[in-house]
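Asks: Residues per chain, in single letters:
Protein chains: 4
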Amino acid sequence: MKVFEQWESEIRGYCRVYPTVFKSASNARQVDESGRSYIDFFAGAGVLNFGHNNPFMKKALIDFIEADGVAHSLDTYTTAKRDFIEAFANSVLKPRNMNYKMQFMGPTGTNAVETALKLARKVTGRRTIIAFNHGFHGMTLGSLACTANQYFRNAAGVPLEYVRHEPFGCEKPCIGCQLGCGLESLEQLRAQFSDSSSGLEPPAAFLVEPIQAEGGINVASREWLHAVQKLAHDLGALLIFDDIQAGCGRTGQYFSFDGMDLEPDIITLAKGIGGFGTPLAMNLVKPEHDQHWQPGEHTGTFRGQGFSFVAGKVALSYFNDDALMNDVKLKGAKMQQHLEDLTERFGQGRFQVRGKGMLQGLDIADGALAKNIVNLCFERGLLLSACGTGGKVIKMIPPLTIPEADLLEGLTIFSGVLADALEAL
Amino acid sequence: MKVFEQWESEIRGYCRVYPTVFKSASNARQVDESGRSYIDFFAGAGVLNFGHNNPFMKKALIDFIEADGVAHSLDTYTTAKRDFIEAFANSVLKPRNMNYKMQFMGPTGTNAVETALKLARKVTGRRTIIAFNHGFHGMTLGSLACTANQYFRNAAGVPLEYVRHEPFGCEKPCIGCQLGCGLESLEQLRAQFSDSSSGLEPPAAFLVEPIQAEGGINVASREWLHAVQKLAHDLGALLIFDDIQAGCGRTGQYFSFDGMDLEPDIITLAKGIGGFGTPLAMNLVKPEHDQHWQPGEHTGTFRGQGFSFVAGKVALSYFNDDALMNDVKLKGAKMQQHLEDLTERFGQGRFQVRGKGMLQGLDIADGALAKNIVNLCFERGLLLSACGTGGKVIKMIPPLTIPEADLLEGLTIFSGVLADALEAL
Amino acid sequence: MKVFEQWESEIRGYCRVYPTVFKSASNARQVDESGRSYIDFFAGAGVLNFGHNNPFMKKALIDFIEADGVAHSLDTYTTAKRDFIEAFANSVLKPRNMNYKMQFMGPTGTNAVETALKLARKVTGRRTIIAFNHGFHGMTLGSLACTANQYFRNAAGVPLEYVRHEPFGCEKPCIGCQLGCGLESLEQLRAQFSDSSSGLEPPAAFLVEPIQAEGGINVASREWLHAVQKLAHDLGALLIFDDIQAGCGRTGQYFSFDGMDLEPDIITLAKGIGGFGTPLAMNLVKPEHDQHWQPGEHTGTFRGQGFSFVAGKVALSYFNDDALMNDVKLKGAKMQQHLEDLTERFGQGRFQVRGKGMLQGLDIADGALAKNIVNLCFERGLLLSACGTGGKVIKMIPPLTIPEADLLEGLTIFSGVLADALEAL
Amino acid sequence: MKVFEQWESEIRGYCRVYPTVFKSASNARQVDESGRSYIDFFAGAGVLNFGHNNPFMKKALIDFIEADGVAHSLDTYTTAKRDFIEAFANSVLKPRNMNYKMQFMGPTGTNAVETALKLARKVTGRRTIIAFNHGFHGMTLGSLACTANQYFRNAAGVPLEYVRHEPFGCEKPCIGCQLGCGLESLEQLRAQFSDSSSGLEPPAAFLVEPIQAEGGINVASREWLHAVQKLAHDLGALLIFDDIQAGCGRTGQYFSFDGMDLEPDIITLAKGIGGFGTPLAMNLVKPEHDQHWQPGEHTGTFRGQGFSFVAGKVALSYFNDDALMNDVKLKGAKMQQHLEDLTERFGQGRFQVRGKGMLQGLDIADGALAKNIVNLCFERGLLLSACGTGGKVIKMIPPLTIPEADLLEGLTIFSGVLADALEAL
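Chains as they are written, first to last, in the numbering used here: chain A, 1 to 425; chain B, 1 to 425; chain C, 1 to 425; chain D, 1 to 425.
These are calculated hints, taken from the structure and not from any lab test.
One copy or two, it doesn't matter: identical chains are merged, so the pair holds either way.
DSS-like cross-link-like pairs, simulated, lysine-lysine; straight-line CA separation at most 27 Å:
hint, residue 1, residue 2
1, K371, K356
2, K230, K172
3, K2, K286
4, K94, K356
5, K94, K2
6, K172, K329
7, K230, K122
8, K94, K286
9, K172, K334
So here's chain A without its partners, still in its complex pose (with noise of 0.2 Å):
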């Protein structure tokens, strides 16, 4: 490790919470060079739904180099795109009647999030976004001004501006919480909005997280999502919805708003939709608002990704029918099953289990405690991370593909650690 500390920068994170160096890495395990075998209930922060080094992925993308597939495009046409274009609409967009235009751009979640915002102010003409406490939408200076944690937000150096925060509405408030997570706040600040003396100016997009990940594993309820859509097309603002952490079926269906009858303006997509851990991001855009967009007008370099597209449209074929899905509704349920009973015992009142599909987190309202059981979980084969604010929330974001056998497994370790970290208290 000690090249690591000679030569990369301080600011480097997760290596001190695992502080050992990978070598290999299979479906849910990764292994480092000494040769340890750890569970893997982190995925590479939501991106391996697939499994590290899924078999099919990786004779596509073997097949693909020895073709001498074009492994970067920019945004010329080539077939491994086409193909997953195809994969994409025929998987994903057809079965659910969805009509959107697919919209790629520099391979980050930020990059998606930045994107949509300018395409929000253009349609617009509008300058204000509302996010939402505690969402989580990149580093980047325009998408950070939309990021809560404050930790982020200060590294900017310069105010972050035109957006306006307000509260997230939970399916299950958090224990304690007065942020006013419900319907009345959202009634509020249409009031503000259709009050020409309020102060508020019209927005030009409700940027919202169907499911806050780094915020803390914060499940919005189908009826505030449908406030949201209703106020924001009442306003002319777009409705964008960050999918980034909890699509491409980490919740047991392709989008984590499936099924609530609801139809964002964009939907910015990254982490999981490369497959491999191969970068890719795409915005799914409304034609109606596409059209605003002028050619080449927001650009980047790594755009066309012939690799993520390969491995990704294999990803996609996970969604051609229901097996895959089938099974992580099963698997999370038994996390979520698990983390109740833990709660029950170790809870006194304090914890709180919150999550959907294979997205689940305990809150365990004390991010020193929370912390701890991190790093016992990595000294004892187990990774995975902690969020939220002062990160108090254990979450559990294991590939969707893991084995049950290592599910369980981790599960166990986690139980273990967890009693003898409240036994230390």
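For this one, chain A is given, so just place chains B, C and D on it according to the hints.
Replies: The following block gives chains B, C and D in isolation, referenced to the frame of chain A:
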């Protein structure tokens, strides 16, 4: 192409310049699905310095995939990352006695620039960035504020502030240019910064491309770069070099500013550094500045790219001896000579050749003509693009590994097109 | 009136409401050049608390002029200024045990607010101001950002940032209001400020009019003002009271918030403080904050106004006993009763009376009707104006010194106009 | 003075320069309460062009008060306002064939500038203002952004954006100045604005003081002002002249730029225009721009000042013949000659005299020395002040009506102080 027209966003751009579907690519050739082969003088916008599907990288990537290497790691430690870091230290930093920390972020150039700006603002506690006319630094709001092109800026939808644009110090000013590219405007800027009643606030950083690529192939003079460095340091500001397009060997040396005895505080790298078109971005940061970062203060999901580390390490091996760089110098000189000849034959005092190594541009002072030439070149099997204000500069950036025959064939196509296009006026 | 139409800017406004040329004025009467007399329920937008051409002030001003008093002094010391300062200390501050420094600036309300904002930002090192729906604080960019009315905001031409507008805590909420005026929204705001992942930055100040005049005669509840004060202080923010229109005796006591046991950090005063319509603005600043000022750091040419000090000193003499304030309470009660009676007779559940002392408003929930009423009143010899969102509130702010007969005559005219206007609908 | 020290804000400034309490004033003399008389070369920061307590104005004011004139009228019509408007049209506009609308606003210079900026932004739909090094335009956020002095800017507490500061075109550049005051930097700016890839956005206005007073008595050259006007108009931007300190006869003509054949779009006036030290501000606006205003879109309580109209009308009578202006030219020439003589005697190549009419400055290149001189002058009975970067320029702006004897006595005091101060170094 119907699939694209039906499903892809209207924003797509290069596909309109090269209206075909590419299927495979090798070194400096791209082949479309009809089997037609094109010579590539574009190299994925300067990414593919080592050719499409570089055979050494192909092998390394396949080996890595087969061995279940860690493809996606955020900022955990991996063996692939360590190998890359060591190679970079050994092949680039140590031979130059450069003492810098390597910082990885979201793998796009704009993320690298945003990160550099954040750090400069943190280190200095100031806001203002001095950027330069014709500079290009990316599309997210922080870097877009530094980008000079109004077409891109207009898409922001919000004001782009905290940046002041100043004349760039061209070694060879454009014909008829009145921007004031000399040292004089820099001295005037110094005087303004030194006067507490000038209205200018002390700057956080000077952000400079030693060679502007998108901006029209403008090569900064050594004298001017030294003056910028001196001014920055005298003012307590950081000097940031954006070597994203001109670095990684493009100019016949690793950094575009090698041999100039300059010592920037931060160097942003992307494009070529991942080797294979696989995304990677990295900042080199002086240790005394790097220590201002707190762990995880600026993040990015795809900041640990296994493929890019693997292919990027192969790319670095080209810098262990002088073979490639000498070849680049020779081929670059041929390109330049060819363009100079054309200028003499056709230029009528209005053409100008600018560039360094295999980053060469022919300024033909007429954007419509340049567009026409690019289109004709495509029709005759040569891929290149236009840059600069109004697109009046033909940019030639073939892979550094282009075979001599392809290079000459490409230049010959270009000469023919130029002659025909001028005749048709 | 041709002279005005030919030479004066199109922006002129009140002259369109009162289309005549006034020649003289005395107490609560204005006389136009045709000799027609109007009862004044407008008092120069709340400036002329002590009547037009108050005889005591007239004498004092003439004496001052004849004695060659210093009419214009910037912030040099003058005897006139000292007399004013002593009078203010003796008549206002000492009886209330208030310990504040007096700061003079450019003699307009907007200058006072800008000055207060600067100081709050200096003291706290923060940027964000919490202002309130329907608030009015002035027209220059700093205070305009705090002003809620969109008509005024739209004229800025640049974004108005660093201010967040929140619901105002009305004692008596408007009929049908859904802005959320209660304590609940304040508690929600507290929760957001207390959560480091809410996206809200710590505020520099809360800027509150204890009674909003322009905003529609909205009287804050004592409970809410205390909650704001507590929240501000808990957050390390300053509490700024803008008492520019409601202060100086308007409500039957010197400050509109007298007797509420509140202790703002800064109080902005203007309008009535100069006594005669002569411009003056003054902030009262807690000494611990005042010491953050450096000499001359905020200036203004007309910050030393001899006439205003002289007339303003006379005005302060009205606060040495209870005579005027008792009279204001009595006359205010009569106004209120009169409006309540009209509400009962004509309101059909849609009218509402709001106000305190001689700052009374009748909310008739219909801006067009209110405009019509104001016009008819003018025709019948009564000057008043409309305020609030869409101008739906009839505002009555006669000079505090208005003779009972004029007051009753004015109210009678108003009743007649109201009846006629409603009948004509 | 204890009263002030106890009760007045620490921000008070000029009272520290002139530590006494003034009681009365007449023409160019101020008398303190101990009876000591001071010659006034400061004139209330350029306000009292017609002397303290000008006898004609005294009479007019007393008549007005006795006749119950309308002292405060907002923007209703009054006979006093009409008289002023007619006088301004007849005495100033018509003789110059100037076609402008008069706009009144809050009666301070900063309000006038804010109003001009708003209109320029409305007319053009653009944001950026070009202001100039050493410019002074006021203290509220909009005008402060245009003010160059860092001491004032630092007090803002928020970023001051949407303004770009450029070198000012001095007729006689300061000794050793490297700011680039010539036409060259303007041509460079034109080139940048003409290049769509310069990064500069089209400007809304150029805001220029034809003579910078606070900035150090810098007189713009006629040639440069014409170049600014041409550039502004070529770019579709407005030309705003801030003649607040240098206008109203100060330079020996009504406007400081009279006779230069210039046609600004907006002229801001304040300070001297109210005549007696009574506050007034007025913009002159080209009718084609003025029509962009909606009624009441920019307001200000004290925008109808009866006293200022009355005294201001008397002031305008000085411009009905050439007597005063000829006298100003003569006295100004004497002041200048006196300063030139001192420069020759004492300057050692470092002093410089700059100014026009009775706005004269001696640049002694040493702020500490200047401060010492100002203090000594006060001790010997002469009031003057320092300006420019670091306060290195002694500013002399006596009332235009100063008796010759007082002028000479003042100059003699100054010479003595200068000699003594230099000797003491």
